[in-house]
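K.L.:
Protein sequence lines, in the order shown, are assigned to chains A and B. Oh and the first sequence: position 163 is 163 in our numbering, straight run, nothing missing. Oh and the second sequence: position 226 is 226 in our numbering, straight run, nothing missing.
Wrong hints could be hidden among the right ones.
[To be verified] Using C-beta positions, here's what the derived DEER-type ranges look like:
| # | chain 1 | residue 1 | chain 2 | residue 2 | range |
| --- | --- | --- | --- | --- | --- |
| 1 | B | 182 | A | 56 | 19 to 27 Å |
| 2 | A | 19 | B | 212 | 35 to 43 Å |
| 3 | B | 153 | A | 56 | 45 to 53 Å |
| 4 | A | 58 | B | 153 | 44 to 52 Å |
It should be emphasised that the hints constitute simulated quantities derived from the structure, not laboratory data. Heads up, the beta-carbon is just placed ideally off N, CA and C, and yes, glycines get one too.
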Amino acid sequence: MDAEAKRDFGAFVATRSPALFRTAMALTGHRQQAEDLLQTALAKSVRHWSRIRHGQPEAYVRTAMYRQYATWWRRLRGREFPTAELPEIPLADQTAGVDLTLALAAALRRLAPRYRAVLVLRYLEDLPTEQIAEILGCSPATVRSQTVRALGRLRQLCPELDTHATQETSQ
Amino acid sequence: MTDQLEHDLRAAFDRISAGEPPLGLAEGALRRARRTRSTRWGAVGVAATGLAAAAVLTVGTLAGAPHTSANGTNSAAAQPRVVTAYDCGFRVLARPVGPAIPQFSLLLNHRSGQYRRVPYCDVAPSPDGSRALVHDTDGSDAHLAQTGVLDLATGRVRWIDGYNGAGAWSPDSRRILLTGGPAGLSQQASTEPRNNGFVLMDAADLRPTFFPVPDASNGLGARGVWTPDGQAIAISICACPSGAVHNGPWPVTGIRLYDLRGHQLRTLPATAGLWSEAAFSPDGTAMALTAEDSPRHPSVQIADARTGAVRQSVPLLDDQFIGWYDADHLIVRSGPERGSTTSALRIVDLRGHIVRTVPLRPGDPGEQSVGLSVGSAAGVPDPSHTLTF
Numbered sequence: 001m002d003a004e005a006k007r008d009f010g011a012f013v014a015t016r017s018p019a020l021f022r023t024a025m026a027l028t029g030h031r032q033q034a035e036d037l038l039q040t041a042l043a044k045s046v047r048h049w050s051r052i053r054h055g056q057p058e059a060y061v062r063t064a065m066y067r068q069y070a071t072w073w074r075r076l077r078g079r080e081f082p083t084a085e086l087p088e089i090p091l092a093d094q095t096a097g098v099d100l101t102l103a104l105a106a107a108l109r110r111l112a113p114r115y116r117a118v119l120v121l122r123y124l125e126d127l128p129t130e131q132i133a134e135i136l137g138c139s140p141a142t143v144r145s146q147t148v149r150a151l152g153r154l155r156q157l158c159p160e161l162d163t164h165a166t167q168e169t170s171q
Numbered sequence: 001m002t003d004q005l006e007h008d009l010r011a012a013f014d015r016i017s018a019g020e021p022p023l024g025l026a027e028g029a030l031r032r033a034r035r036t037r038s039t040r041w042g043a044v045g046v047a048a049t050g051l052a053a054a055a056v057l058t059v060g061t062l063a064g065a066p067h068t069s070a071n072g073t074n075s076a077a078a079q080p081r082v083v084t085a086y087d088c089g090f091r092v093l094a095r096p097v098g099p100a101i102p103q104f105s106l107l108l109n110h111r112s113g114q115y116r117r118v119p120y121c122d123v124a125p126s127p128d129g130s131r132a133l134v135h136d137t138d139g140s141d142a143h144l145a146q147t148g149v150l151d152l153a154t155g156r157v158r159w160i161d162g163y164n165g166a167g168a169w170s171p172d173s174r175r176i177l178l179t180g181g182p183a184g185l186s187q188q189a190s191t192e193p194r195n196n197g198f199v200l201m202d203a204a205d206l207r208p209t210f211f212p213v214p215d216a217s218n219g220l221g222a223r224g225v226w227t228p229d230g231q232a233i234a235i236s237i238c239a240c241p242s243g244a245v246h247n248g249p250w251p252v253t254g255i256r257l258y259d260l261r262g263h264q265l266r267t268l269p270a271t272a273g274l275w276s277e278a279a280f281s282p283d284g285t286a287m288a289l290t291a292e293d294s295p296r297h298p299s300v301q302i303a304d305a306r307t308g309a310v311r312q313s314v315p316l317l318d319d320q321f322i323g324w325y326d327a328d329h330l331i332v333r334s335g336p337e338r339g340s341t342t343s344a345l346r347i348v349d350l351r352g353h354i355v356r357t358v359p360l361r362p363g364d365p366g367e368q369s370v371g372l373s374v375g376s377a378a379g380v381p382d383p384s385h386t387l388t389f
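The whole structure should be built from the sequences, with the hints applied where relevant.
P.N.:
This is the structure in structure tokens:
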């Protein structure tokens, strides 16, 4: 990589790293793993920088991040992760929304990585099914079924979701 | 999916993803990319001829007794090694990226035992010590990066026409292997399987012959590797869908061997790839395969070179695999990412136990370099054993 490309790469990272790191954090739920994930993806982009710098480098890095994450989760064999932050039953007061967010965040951290990736792409990145399928290297049908399963599992891990939904409906 | 659940999910993701990115991401990515890409190995000695070096190896192997260095520690084998080149990138670690960064490498002069500065990146000395592969750009977008052959006697560089991939010398220094496809393709064309493969050429005339390998792994740092006898090329292959855009390495599915005419010899099953020129053990019976993509605790798989069967896994604790030291030991590089401020080379046995540490002290040439080459120390004047190990 020549000097100008390095400067260009540095500028790209400086501008886009907050958004990219946000995605990495949402995927991993752990700061250290997020740093690993983002840096691994950026290192991959270095090799191809000369040809991606004038295209869509951010899309490239994001895709690299998801695929890297997929590599990791294959090694973890779909494990769910224990968390020190156990979800608590929310109380019916003004803090209920905050409690639900906490419980849901804890449940997301425990969710199997492949499920979490689908949800991040859908609800954090707001991507359509076809694009999610392309990024994850699977069919749109698989994305849809994974989304349904992820939400089902999330409801099991965070029963407060249904409680909250019922309360909102009754109000 | 209710709007409420969707809202709750977005709020939860906002909470999980909050946080500022770490500092130095760009520098770290550059450093990491160069470390992986630049790992290489000088197959045999430089000052000695190939025959003499082979003789040294034989004597060392037969002698069998551990070598005792000047500091009293036992090394794992009788044949001493030395870092033959440190690649560029020294300033990347200490300063922000920018146009003022000098690009240079350090190349060992085997006669004097001194390192000399050469204005190129990714320097790979040939085993016979007469030349070095260099990689460079002219600093502009208008021209492609180039790979060339530096004549160490004259300082003249002959640039290779049409290809600029990572290079490796054959053990006899007569041929050059480049990994990757043609240079100068458009982004789309460069990702097409037909442009994926390796290039062979004679070091005398540098006429490249491209051999497409559509399913070659194009992961960061993945490279073609010479077998120790110089009669075949090994390439990592992957389950890459035909026509798919390669946005990173696909999972490695095997190691494929080709003869020097590009004919496929055989494919061995594998789940990790070739990331170092010294992937084959000195006797050629084993391969050290690594998965660059491991998050924090990479290991080396020791696989049978005939069947691909994994014999054992060597934990590396985030160290970088450099190459084989002898049939029972590996050389790895640790730090500075590993919680220390300095780098060190370590000789580890096949259980991952450290047998010897060779510190690259601050101020040593290339301590902060991101890539290095290791070769035989035969002929290097080093009475105090500060260079050899």
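K.L.:
Which numbered hints does this structure break?
P.N.:
The structure conflicts with no hint, since it agrees with every one listed earlier.
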